[in-house]
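2 protein chains.
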Amino acid sequence: MTLEEARALFPVLERIAYLNAGTFGPLARPVADALVEAVERDAEHGRSGLPYLEQTVALRDDARQAFASLVDADPAQVALTSSTTDGCAIVIRGLGLEPGDEVVTTTDEHFGLLGPLGASLATVVVVEPDPDAIRAAVTSRTRLIASSPVLWTTGAVLPLAELGAETGVPVLADGAQAVGAIPTTADGFDFLTISGQKWLCGPDATGALIVRDPERIAVTSPSYFAQTGYDPDGAYEPQAGARRLEPGWWSQGTLRAMLAALSLRPAWCFERAWDAAERCREVLSGRVEVVTPAERATLVSFRPDGEKPADVVSRLAAADVHVRELPGRGLVRVSCGWWTSDDDLDRLVAALDT
Amino acid sequence: MTLEEARALFPVLERIAYLNAGTFGPLARPVADALVEAVERDAEHGRSGLPYLEQTVALRDDARQAFASLVDADPAQVALTSSTTDGCAIVIRGLGLEPGDEVVTTTDEHFGLLGPLGASLATVVVVEPDPDAIRAAVTSRTRLIASSPVLWTTGAVLPLAELGAETGVPVLADGAQAVGAIPTTADGFDFLTISGQKWLCGPDATGALIVRDPERIAVTSPSYFAQTGYDPDGAYEPQAGARRLEPGWWSQGTLRAMLAALSLRPAWCFERAWDAAERCREVLSGRVEVVTPAERATLVSFRPDGEKPADVVSRLAAADVHVRELPGRGLVRVSCGWWTSDDDLDRLVAALDT
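Residue numbers (the working numbering), protein chains in the order written: chain A, 143 to 496; chain B, 143 to 496.
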């Protein structure tokens, strides 16, 4: 597959310089088709019957397998979730954190991680997203390092697996901006969240949670998928592996579309996305204050000069260039994917310069 | 809208005697179209930009409003969920049940309610689904009555609101088989779960939770929708009302399709569904052991004579008659909706008699 062929997969790229995969990836034609075909099938044949249920269960197996391959995990370590928020919450609730326990996080995390941390009983220790600062914040009371291998704010990368190995503290890696964007494996993470709808270009409300040892955390919200048998008082036999943590249902369309999205990634996807982000950083550097460091993934953030970030985003949107602002941080964020062309970036620059 | 016009909305009814809304309702053409159109729009224009987000937020407001109207609640008491399981879990976790606390439930609940109860620290007291038995099980340690206004097993109705009023114990009503099937209001329930995909014929992974006093329970898994502002340690300002309990994202297609499904219900829907279930009970009564009592909703369950329930279901499916078995209970369940015709029931009987 060439870049031209790759771009032709995505209808949105025909007109729009789509630079917002950090929020939602572009939907490829085969992914949209999978959704549409499943809806038509469901409408005509009903969402019913043992074969239908068995097919759904088989598709869930396929999806777990596909996510496992993606990050070098075992399928038994994969739980299908509806978001990284979901994944973070499952882990944080499941650890049963108590008053006095500490969790180390950084100033640059998404609410999807922070919200569940804030709702826990632990003390949340917030430090700069810097390996030394994280290392220094670890005490004998630290139960978890909860952070992101790629920061959603600046695209900077953090060596979380190394920090986990050095400190011996379990690591929850919020992979929202990492998995699918840069080479990322579950290795070194006790818990890794994956977003289906961002860099993997899957349908809405999809994700996965990789758990190194699924039996180590409590299941706080068992869904029907969590069990293999139960008593009238709710005592139940948990499923083997991370399946016991799965919070809910994906439609057949969602399952088929997610599998379609995972199957169309070209071998050169990481290289191309990295190069596009490098070029993005270069072309922006002369024009605006780029805050993304050299050691980065595929997000490039900048501080506009004398213009509100929201106004920059609106102005670019009017020129069919899609980026986003980061509320409260004074930043505009550009997402570069394996489908991003030089022309997309030229359009970004031209729209900025207007 | 006549019954003929109503039936013409649902493609599945052209060929199939679809009697399984207690699992998944039939998808109407306008509902499927809403899903398909949204997917095409998302693929062509991207899931991105402030107008897109604002539109999604407005659609969520519309959906809360529509669910509120449906059960005579205030929109501020409505949280959008992905299932009744989700709703039950949000409530049970949020109550912060402690060892020694008791929850009264019945022998006839779904795992979507039982699972979260089993995962809680409370003692789960299981009694027959009978008002006297429930009343007798309430003690000074009872924190919650958690049951279903319509049992998923037999379709029998339970006067849960009255039991709550009599005992003074908060009631969690799992409305999976009630809302959309029979006239049901939130009145008298501290918590009411709604399934979007069953009797309301909405898309997969939809539901709502009605909470009489949303500020009375803890938010254990705040999503981005739960807050209006947050600190770096995860402390946050909760949204007003039940929105603070919302666990996650619905795609625009899901939102539009759910709204479409809610808008096409005819004024006579409850009467027709009740009549269809009455006729179903009558035609089955001479043939098999019907376990559904006279005081029932729109589910009719029976115990096949000398044939495994799974075999009955398969045999009927081969004749394009869709019902389901209830694993472990030896029952086959027939769901009658406002779209169910006499002919559907004749086909059921004919297939049974074959």
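Treat the hints loosely; a few may be bogus.
[Stated by the list, open to error] Quick list of the computed label-pair ranges, beta carbon to beta carbon:
1. Asp203/A with Ala377/B: 33 to 41 Å
2. Asp484/A with Ser456/B: 53 to 61 Å
3. Ser282/B with Ala452/A: 52 to 60 Å
Just so you know, these hints were derived from the structure itself, not from any lab.
Just so it is clear, CB atoms sit at the ideal spot from N, CA and C, and this is done for glycine as well.
Verification of the supplied hints:
{"no.": "1", "hint": "Asp203/A with Ala377/B: 33 to 41 Å", "in the structure": "40 Å, holds"}
{"no.": "2", "hint": "Asp484/A with Ser456/B: 53 to 61 Å", "in the structure": "58 Å, holds"}
{"no.": "3", "hint": "Ser282/B with Ala452/A: 52 to 60 Å", "in the structure": "55 Å, holds"}
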